[in-house]
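Based on the hints, put chain S in the right spot on chain F.
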Amino acid sequence: MDDSSLLKQFVAEAADLVESLQADLDGLAEQHAAGRVNPGLLNRVFRAAHSIKGMAGMAGLEEIRDVAHRFEDLLDEMRMGRFRPGPAAVAAFSDVAEGLGRLVAEAGRGGGREAARLVALVESLRSEAPAAPEEDPAGAVDLDDSVRKTLTEYEEHRLLENIRERRPLYDVRVAFDLMAFDTGFRALNDELTSTGEVIGTLPGVGTADPMQIAFRILYATDDPPEVVGPRAAAHGAEARLISHYPEAAAAGPVAEEETPAGLAAPSVRVEMLELGELALLTQRLALRASELISVYSGLAPAAGLTARQQFDLKQQGRVIERGFLELEERLVDLRLVPLGSSFARARRLARKVALELGREVELVTEGDEVRLDKAIVDHIAEPLAHLISNAVDHGVEPPAARRAAGKPEAGRVLLRAESSGSRVVISVTDDGRGLDAGAILRAAAERGLEVPADPLSLIFEPGFSTAREVSSVSGRGVGLDAVAASVRAFGGDVGVASEPGRGSTFSLNLPTTLVLVSAFLVEAGGFPYAVDVNHLSELGLVERAAVSDSAGRRTVPWRGERLPFVSMAEMLNLPPRPEAGPRLPCLIARAGDRLAAVAVDRFVEERETLVKTLGRFGPRLKGVTGAIDLEGGRVALLLDMPGLLAGQAAP
Amino acid sequence: MKNVLVVEDSAAIRAMIVSIVETLPDIKCTDAEDGLAALKALPTEKFDAILTDINMPGLTGLELISFVRCHPNYKSIPIIIISTEKTEADRQRGLALGASDYITKPFAPGDLQRVVREHLGL
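For the record, the sequence lines run as chains F and S. Under the numbering used here, the letters of the first sequence match residues 1 to 651, in that order. Under the numbering used here, the letters of the second sequence match residues 1001 to 1122, in that order.
Keep in mind the hints are simulated off the structure, nothing from the lab. C-beta: ideal position from N, C-alpha, C; glycine also. Take the hints with a grain of salt, since some may be wrong.
What the hints assert, rightly or not - Beyond 12 Å from chain F on every Cβ pair, some chain S residues (computed):
#: 1; residue: Met1001
#: 2; residue: Thr1030
#: 3; residue: Phe1067
Stated by the list, open to error - Quick partial rundown of chain S residues pointing at chain F, CB under 8 Å, derived from the structure:
#: 4; residue: Ser1010
#: 5; residue: Ala1012
#: 6; residue: Ile1054
#: 7; residue: Leu1095
#: 8; residue: Ala1096
#: 9; residue: Ser1100
#: 10; residue: Ile1103
#: 11; residue: Pro1106
In isolation and in its complexed conformation, chain F is listed as follows (with noise of 0.2 Å):
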């Protein structure tokens, strides 16, 4: 192999070390902030700096190579425990892998400025960390020394670590056919890997038989033998328990020792959605509590209570109403995670436009710490993408042009988040040509459409900007219309200014929180409503002859039981509408453990929609937990369904 071929095929391997390295990094920087690092994430991150720098040095690549040794070094550092960075170095990591891939793509051409750069990067990033004592195993388990021979220093480290931790560990055997055995392990390698951690794999003993293969694998898992029994004996494995760890150490010394590699805190994993679920149990606890205050205080002057005793009452009552406001708000703030791996992305992003159109752009960040709900961040990936790389191809001018119009040839693009009360700002503003308002008129009166106070903003307009003469002319990309659709559809909104010629600003004004719900839209009374489809068993149509009165209790026969039967209309308060046709649309809802039907008027669809909260401090309605935004700038309240249900049983 001559030289020009291995360089070539270093580059090309080095190129998707990276991008792999650098989406390996993301899910880093989310997992590190959410306070647990995967072992297996971190290890295979330290992994391809390892590589990088293997492939460097074989092809002569010092420069590279120095960058790589030293970024691996510290990775090493981290996956070993002795190195706990912060958000900050973490969000680093992205910039030392872009960097890599820098002068991967111009290799052996000389990236000496970047290389030094990115090696006073690493440097400062560094810092010591006491190392957390490693306790030997002797005695907590049942382990030969043959096999933590065969361990390397990593993965010794990784089964200590477990110890310490109080992790269960199990030794799964398992034998193989040795012509094809590769299936089968790797099979029950994904299985463990994905519900604990594989730390070591080693050869199995006593296989008599030459044409087949044993493996022994070290696995640690935080499930009980009765679960990992099962578990490996659906490989044809057989896993053995060989931790035995004494109770009282359980409890005491790793509640107080500093926390292990990549930890911020010890923590759990929580589904979003159960955090949803939380928040609006806690809304409807504290709907009952204020309930009951206000029958206690009815009731006091009947009591006889002194004037002192009622003050008191109200003065609880008070308390606990602010502990269940304070509770909600803590359960909605776990929700909220930063914008820094966002921007991370976002900067990739615009590098990578940047060099495929040959312009030269700076992607600046400010406000990476401002915190938004995980639902939001997730839904503005693709709007933020696509403003990005609008404000790189259409906004940023060609370097001549620039040149031509005495500016920087490097374009500038600011992403920035500002956080305002109960809403954040996101912005991304270019310093290129702006926007051609006279264009935008002109295509505005072609199609007939109304000019409105602000005639920018028709750049949001269906259709509108993919008009390819605006797009060019104006400085736009396409699909403007989407990013607004999409913002809006979560209760954000967008906006633009733009001077000609200084450049343009394209912001999203997004709300902080946001609740996930499956909710069913439905019309009662005229107007639309949701309900939460985990409050619902089914939908029916109920004859309207089959609904029986009887003592001001109304039924109908559902499935061979008669359900109590209810109109949301009237449920609301709402005023009775001419009744139409000989079937009434019904949900079949949950109350507790009974099912109650609840006509309407008509049925609309399910979808999976963000629930905006009706504010912290604002006035809590009865019966409603939030509301939908619907289209045309529409709003359906949703309904609290269980407690409405139960407030129709009381009386």
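Just chain S, lined up with the frame of chain F:
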């Protein structure tokens, strides 16, 4: 014709090692991208030496060494570790597990050829 199994997860380095080793007369190489692929290759051909990286996904070089050393058919195959200065501790472990020799990346082609010839008795 001697047969050398080259186990290395970087395709570029693997190709380079193969090209260096195959410039020696009467030697051909078989390559594997990780320890598991190497285990799979072992029963299919007769190998005269194994060159293996340590840090690999799936099955590491050390694990591969212990598998090879405990199998009656393969336990006497010479194993040469390709290590880096970073993995010195692991290289020691590999030698303790029964590896025959090591070479440190980056290496000069002549050094690799010398080590391979030595263990093949050429």
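Going through the hints against the structure:
{"no.": "1", "hint": "Met1001", "result": "21 Å, holds"}
{"no.": "2", "hint": "Thr1030", "result": "16 Å, holds"}
{"no.": "3", "hint": "Phe1067", "result": "5 Å, violated"}
{"no.": "4", "hint": "Ser1010", "result": "5 Å, holds"}
{"no.": "5", "hint": "Ala1012", "result": "4 Å, holds"}
{"no.": "6", "hint": "Ile1054", "result": "7 Å, holds"}
{"no.": "7", "hint": "Leu1095", "result": "11 Å, violated"}
{"no.": "8", "hint": "Ala1096", "result": "6 Å, holds"}
{"no.": "9", "hint": "Ser1100", "result": "17 Å, violated"}
{"no.": "10", "hint": "Ile1103", "result": "12 Å, violated"}
{"no.": "11", "hint": "Pro1106", "result": "4 Å, holds"}
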